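A.B. asks: Residue numbers (this note's numbering), protein chains in the order written: chain A, 5 to 946; chain B, 5 to 946.
Hints listed in this document are in silico derivations from the structure and should not be mistaken for laboratory results. The structure displayed is predicted, hence computed values, not measured ones. Please note that the accuracy of each hint is not assured.
Same chains, same label: a pair holds when it works inside one copy or across any pair of copies.
Restricting the straight-line Cα-Cα distance to at most 20 Å, the calculated cross-link-like pairs of lysine to any residue (SDA-like) are [to be verified]: (1) K835 - A764; (2) K623 - P838; (3) K835 - T133; (4) K310 - P838; (5) K303 - P838; (6) K303 - S457; (7) K613 - F631; (8) K311 - H66; (9) K710 - M638; (10) K623 - R709; (11) K612 - M832; (12) K835 - Q768; (13) K303 - H66; (14) K585 - Q569; (15) K613 - M832; (16) K572 - E110; (17) K310 - H66; (18) K623 - M832; (19) K676 - E711; (20) K650 - F518.
Number of protein chains: 2
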Amino acid sequence: PAAERLRYILGEDEDGMPTPTLFTEMDTLQHDGEELEWRESARWVKFEEKVEEGGERWSKPHVSTLSLHSLFELRTCLQTGVVLLDLEGYSLPQIVDDIIERQIEEGMIGPELRDKISFVLLRKHRHQTKKPIHRSLADMGKGSSGARNGQYFSLCFCCVAGHAQSRSMNDIADTPSTDQLKNKFMKKIPRDAEASNVLVGEVDFLDKPFVAFVRLAQATTLGGLTEVPVPTRFLFVLLGPHGKAKSYNEIGRAIATLMVDDLFSDVAYKARDREDLIAGIDEFLDEVIVLPPGEWDPKIRIEPPKKVLSADKRKSVFSLNELGQMNGSVGGGGGVSEDEEMPVPHEFCGGLFLDIKRKLPWYPSDFYEGFHIQSISAVLFIYLGCITNAITFGGLLGDATDNYQGVMESFLGTALAGTVFCLFGGQPLIILSSTGPILIFEKLLYEFSKSNSIDYMELRLWIGMHACAQCLFLVATDASYIIKYMTRFTEEGFSSLISFIFISDAIKKMVGSFKYYPINTEFNPDYVTAYKCECVAPDPSENSSRCCPGQIPQISIQTTLDWTQLSKKECVKYGGSLVGKSCKYVPDLALMSFILFFGTYSMTVSLKKFKFSRYFPTKLRKLISDFSIFMSIMTFVGLDMLIGLKTPKLIVPTEFKPTRPDRGWIVMPFGKNPWWVYVASFVPALLVTILIFMDQQISAVIVNRKENKLKKGCGYHLDLFWVGLLMAACSFIGLPWYVAATVISIAHIDSLKMESESSAPGEQPQFLGVREQRMTGILVFVLTGVSIFLAPVLQFIPMPVLYGVFLYMGVASLGGIQFWDRTKLFLMPAKHQPDFTYLRHVPLRRVHLFTLLQIVCLAVLWILKSTFLAIIFPVMILGLMLVRKMLDMVFSQHDLAWLDDLLPEKEKKKKDDEKKNSSSKKDKKKGRVGDDSEDDVSLAFE
Amino acid sequence: PAAERLRYILGEDEDGMPTPTLFTEMDTLQHDGEELEWRESARWVKFEEKVEEGGERWSKPHVSTLSLHSLFELRTCLQTGVVLLDLEGYSLPQIVDDIIERQIEEGMIGPELRDKISFVLLRKHRHQTKKPIHRSLADMGKGSSGARNGQYFSLCFCCVAGHAQSRSMNDIADTPSTDQLKNKFMKKIPRDAEASNVLVGEVDFLDKPFVAFVRLAQATTLGGLTEVPVPTRFLFVLLGPHGKAKSYNEIGRAIATLMVDDLFSDVAYKARDREDLIAGIDEFLDEVIVLPPGEWDPKIRIEPPKKVLSADKRKSVFSLNELGQMNGSVGGGGGVSEDEEMPVPHEFCGGLFLDIKRKLPWYPSDFYEGFHIQSISAVLFIYLGCITNAITFGGLLGDATDNYQGVMESFLGTALAGTVFCLFGGQPLIILSSTGPILIFEKLLYEFSKSNSIDYMELRLWIGMHACAQCLFLVATDASYIIKYMTRFTEEGFSSLISFIFISDAIKKMVGSFKYYPINTEFNPDYVTAYKCECVAPDPSENSSRCCPGQIPQISIQTTLDWTQLSKKECVKYGGSLVGKSCKYVPDLALMSFILFFGTYSMTVSLKKFKFSRYFPTKLRKLISDFSIFMSIMTFVGLDMLIGLKTPKLIVPTEFKPTRPDRGWIVMPFGKNPWWVYVASFVPALLVTILIFMDQQISAVIVNRKENKLKKGCGYHLDLFWVGLLMAACSFIGLPWYVAATVISIAHIDSLKMESESSAPGEQPQFLGVREQRMTGILVFVLTGVSIFLAPVLQFIPMPVLYGVFLYMGVASLGGIQFWDRTKLFLMPAKHQPDFTYLRHVPLRRVHLFTLLQIVCLAVLWILKSTFLAIIFPVMILGLMLVRKMLDMVFSQHDLAWLDDLLPEKEKKKKDDEKKNSSSKKDKKKGRVGDDSEDDVSLAFE
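Construct the complete structure from the given sequences, taking the supplied hints into account.
C.D. replies: In structure tokens:
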């Protein structure tokens, strides 16, 4: 009947406006010296905030824990008290009058109480507002007794002459006071909100409770009744005889909690009579969650949960079990869920055209949505990541190719490829960068061409052109459909591997500096006199006996030189030998590098964590967290400058010219190599194409994950199209090749995440999505290009600091990977494991087995990567997909659905199955325990 | 009436045995293929543990969240079903027979259902036991479909022939199975526990629910019914028609939760009839805590709270407010609460005799209670702290007194004083050590005696004797009563200051090593040839012109010496000069020292925190945390050895002889100084006495804090007695003076804390107290004494590692100080502040003001300490007490009660006040809002 009634009144105007949000304030009647006044004791937007009387402050928002008792009492109150619905009221005195009149009419109170009650109800309301800080010093003088109740308000100077004049004693103003208007709490209340006021107190002239529930026809601002200038819609008054204040208080909390309940507030707005309200309470009671008194201390304030059910879902809360929701919560990540976005087009270039069609409408917004303060920190962060990458890979490429491609080319190429991709690519959140596999390929290629006397740059150009053509072929044939087979397993394998490479590279570099700057461990401060390094002139006789005619000038140099004045390099250059104990050692630099490296890393980690600390306002903490990398870099660059040691610094090209003087900016396709090379380069190009394709698309899948809530869709074909074109372009200008970089792209996404802003106190901000736009990417790459001219500033950055940033990036990108969470489970005893959903549904040993298989795969990949086989790295990713396919034989589809995603055909099959047997055997079996689809379970016991 | 009824049955045998703890297991009826079986779905010791069906594991213990609905349904069940109290049952079949018989008798079911119900109720019970690990590999082969339900049990081979033979189909064995006996969960269940079994299921032959509640006259082990071999006392059976499994399940959870409720289980044991049980449920409902559905998602499992109310307190939960309990929860720390232990005896030596009388009965237990594994880690930890202290202070004392007291004396003195104090002292948990103020005193004394040509050792002896006499005088006059005036304010000021000294000393030492080993920041690896340091022979001509006849031999040395072979020291010794760019620099050592210092510190911090991580079993984590300092020291000693740099190492005396060769072990009182020195030394002795007294007693107050739950009482007078005697003794042997060391004593207490061991899953272990004994202290000091012979091992420890330990000790001892918590509040916005109780009761600005005053006091103390005034340091502590007295004028007693403790006279006065005006104005005023002393608030609405 209660449910029936509610369904009727709520269903009534389904099409009508949603009811406004309610803000509830509860005031209790208290004495301030001789004065009676209403003092605010709690408020609710969604959760309860209590006034800490002694502390004169708001408590933290918490879940209202009620006693069942008070709810039943409230029910009695509403049954016996006055209920006035849609009262026409414009001021509090008039409303109070109406209430009292009705009570007298119904014979609940005698007319002699009229003035007394009216007097009490029109007392001043004192709200808990923030105290200005300058008062605290003024309070100091007050001494020990007066100091406690130091709230200050404009005191009411009119003295209480007697109850008869109460009408003239109306303390309530009609217009909102400045205190009300200034209240910053307004920001936390939705704009359309209306207020409900709960007034609870004990008086000495009543012998039974005086209860009234009022709904106004129009929400009206009733002067200083509410702490914020929000119009009041509901009014609940409970006055009662002495001695039951605690009980009244609990009843007040109960009605206040009910008023902010989504469902009950709807009922309250639409109730036609008292019975509807009672039905609302009954429905509320029916859904209530009960904690046994022996297992919970009611004094503990319960923190608001991360997520609460919306009103629509709540109705069926007790009839849904986890299994019923499984399909909804699983399969959040990866390719399976792309069904809508990636249909299989069977036309030529169908995918590409679809991509363009999908992205084009968003194009203007891709620019104007970029103008946001958050973009600045994102740009800075990603910029630093990009130039670090450009420099590192530039340096490595320079080493590998005898400076055919050096730091200069790296900067230029990054800027060019990045800008073009961000301008026209399908997924502008992807950041292009040099990657490890390409570096290895270039290295092998250069060695090959050098040993076979083939011109490297020309060969590279042809490979680039072939690869470009192959990429375009893949685009045209919609080959990107393969990403549907890249499940979480493959993604995680790939991105873990990349993370490990970042980490191991950073550490290798660091260890390298210990080799590069060896420490003299034998050094004894006392024997400092024994350490020196002298340049000794070569024995002329010996020298002349070995030398050939061309070296005669050297001898003359030798004789004229002051050998002791020569530097180490010069000494070696002129054939001198270095003699002494300290020659092979470099003091301090290695240890200093370590301190810079480790310091940058750990400071970044600490600052990132700082977001979750209690210190400083949320905004400042967010800022610190967002700029953590930048601040760490600045700090340790500063430290390095302060100490002044000659640590290895970042070397940025200062002039705009190719690193190797004997090459120009344009590579000519013909002339240096025999004709067959042009054709044969098709084969290595094939390798590059696979490499580019896999690297690009896996990163894209990770970026396009459903968890990121991207709204503008993906563009795998379009992405590949541009990557292909850029390859050819870069080959012509002799720049490195670029492809999506997983770690930096993830960092890019992370730095652009949006969260809902104004939410009720205690409510968790919701992750809304990512600021999808092209501006940050473009800016990053333009800045990278400009960096060529930033050399004077950038040259202060020590390399170990950048390695620290590398280490951080690797470790941070491991953090979001489920595989890594699962690996950590190995070290945890079952009872300490976090409550991951998949642990509730998949036996631990199956989870471990799955993780173990992933570890084995990774180990194999790692070993292969470390050998010359590194070049077939992309093919190994294909191998991962094959392994995943075989997993279907080891694990049940149920387990895989929780731990991984389902492969397309299985997914389809499973869905079909489910459709066919909606009451399949499995469901039936499970259903016995957990599921109950009946509406009203209580019928069984009637 | 419900409450009335309960009061009657529970009050009945107040004197009787407490009812046993109940372990509840809930089994649900499920199909395993063709077989029907009872499968365990949840269990309760105090909190609920659910079987995660898919995960085949136990969930974490959580608070049972029930639906109100299910509780009402349960009530209906008990009203309509069969209730058999004190049934004589020895086996399950017989009990089942009895239940069914009764149902038939009462006409609830037809007799034709007898066999069917009996068959169902006697099905096998399958419990959720831990799966052996080797099975997981065997499972791999099972393929995808079979892998999920991998539990293995001895399969039931008998096939179901028909319901008629159900009697023969009894699957329940009479004796506990090996699985049951082997179950490790038994450890978590109290020994006297009895089981209550809840059986819930749906069957197809019933058309209305079949309910039975059985209490057996004797708890009986009913075969494999329960997962552990615990005798069953209660049995609840609910079988019902199909389609309501979820509802039945909830009812089962409701009765199970009720059964483990302290109050209801009492009722269940003592109930005389059905009505008593119903009254129990009603009472439970009355106390229940209700969460509004809109503010809490019922799917969230609520972690067990840190503390729950005991059953006695619960009854009045809703009528007590915080104010009513304030006096109970405030005033936990410090002197105020010592009233019982520290009466003011007005006799000569009264306090000392009382102390001895108090401690003597505990004396034997002080030894045998020390034999515990925990003692070992405590001894190791404190030993390391002690020798670090001994070495540091020994080194400093050696510097300050020209080795009259060096490391050797420091070791010996620590060992002697510590052992004696721990053997006979009043509070053997206190660790004696050298402290800063004494060091400063000795330094000034030595300088004074040197410049005035007074024999230092003899002067010191006389000061020691005078101070001893003065201490004994203080003991005799019970001067230790003054500690009553040392409130939290004074304590915190003192211990913060000591912590800051530790921290600043550690950092100063570290910075010092950068000065001691200067880094050559100009060093350029390429110009290594330019760096050398040569010993140049002094110009003979110049030398001879300056020199006097006695130096003639030197010239002969100069000429015969190979100057280039000389070490730095030798060079300077023989008058050579060091020439070269590298002379004043020492490479690597400073940075290496920094790495060792910071590494030790941060590793210790991380390992300490490791206790709260999820990895590894609790015991291992506790071990790692307990030994964190030891492990960090070992790690960084290892690192230091590995790198092999000549970092400054710990220098331990290897021979048993005074550090300064010209002094013996015994100091003679007469002969070296004029007679008036013997008398005049009374004045400096007074200073030392105040110093010793304050230092000793404040540390003792901190150790004896009520939070530490010490059971054996304090012994301030006895402590001081021994400290005084030891001073004299040490003066005779020429050893340093010793007094209680705050930081190490706190560390000692921390490492000996006891927690309750076996508790129900989810229940927090309770802090029981400290392992109060003399063994650890004695062992620490004996080991310290023996350390003189451990030189070969200890000499590998680099000093920076020890400084790191120092830093850790300082930071760690700051952690427990409320003042420090309050200081951090300055940096937190109000809404992020932790929910400290005092913040609920004292306005934030008063808290800040109090903290600010403390900071100012500390700053003043710190500045004074840094000047020559350091010697009157103890007097400054007296000053702190004066400041505290003045605070009475600034803060109200209410605020001080929360932030500090009350001073004795105020405390007394307040108590008196409270007694007199039990309904004082203040209470009244507060009472209106929060307090309600009535028993039954609901009457107001009847």
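A.B. asks: Against each hint, give a clear statement of whether it holds in the structure.
C.D. replies: Against the structure, the hints:
no., hint, result
1, K835 - A764, "between (35 Å within a copy, 13 Å between copies)"
2, K623 - P838, "between (29 Å within a copy, 19 Å between copies)"
3, K835 - T133, "between (46 Å within a copy, 14 Å between copies)"
4, K310 - P838, "both (16 Å within a copy, 19 Å between copies)"
5, K303 - P838, "between (27 Å within a copy, 16 Å between copies)"
6, K303 - S457, "neither (83 Å within a copy, 70 Å between copies)"
7, K613 - F631, "within (12 Å within a copy, 27 Å between copies)"
8, K311 - H66, "both (13 Å within a copy, 18 Å between copies)"
9, K710 - M638, "neither (35 Å within a copy, 48 Å between copies)"
10, K623 - R709, "neither (28 Å within a copy, 40 Å between copies)"
11, K612 - M832, "between (25 Å within a copy, 18 Å between copies)"
12, K835 - Q768, "between (28 Å within a copy, 14 Å between copies)"
13, K303 - H66, "both (11 Å within a copy, 18 Å between copies)"
14, K585 - Q569, "both (18 Å within a copy, 14 Å between copies)"
15, K613 - M832, "between (23 Å within a copy, 16 Å between copies)"
16, K572 - E110, "neither (108 Å within a copy, 109 Å between copies)"
17, K310 - H66, "both (12 Å within a copy, 17 Å between copies)"
18, K623 - M832, "between (35 Å within a copy, 13 Å between copies)"
19, K676 - E711, "neither (51 Å within a copy, 86 Å between copies)"
20, K650 - F518, "both (15 Å within a copy, 18 Å between copies)"
In this structure, the hints that do not hold are numbers 6, 9, 10, 16 and 19, in rising order.
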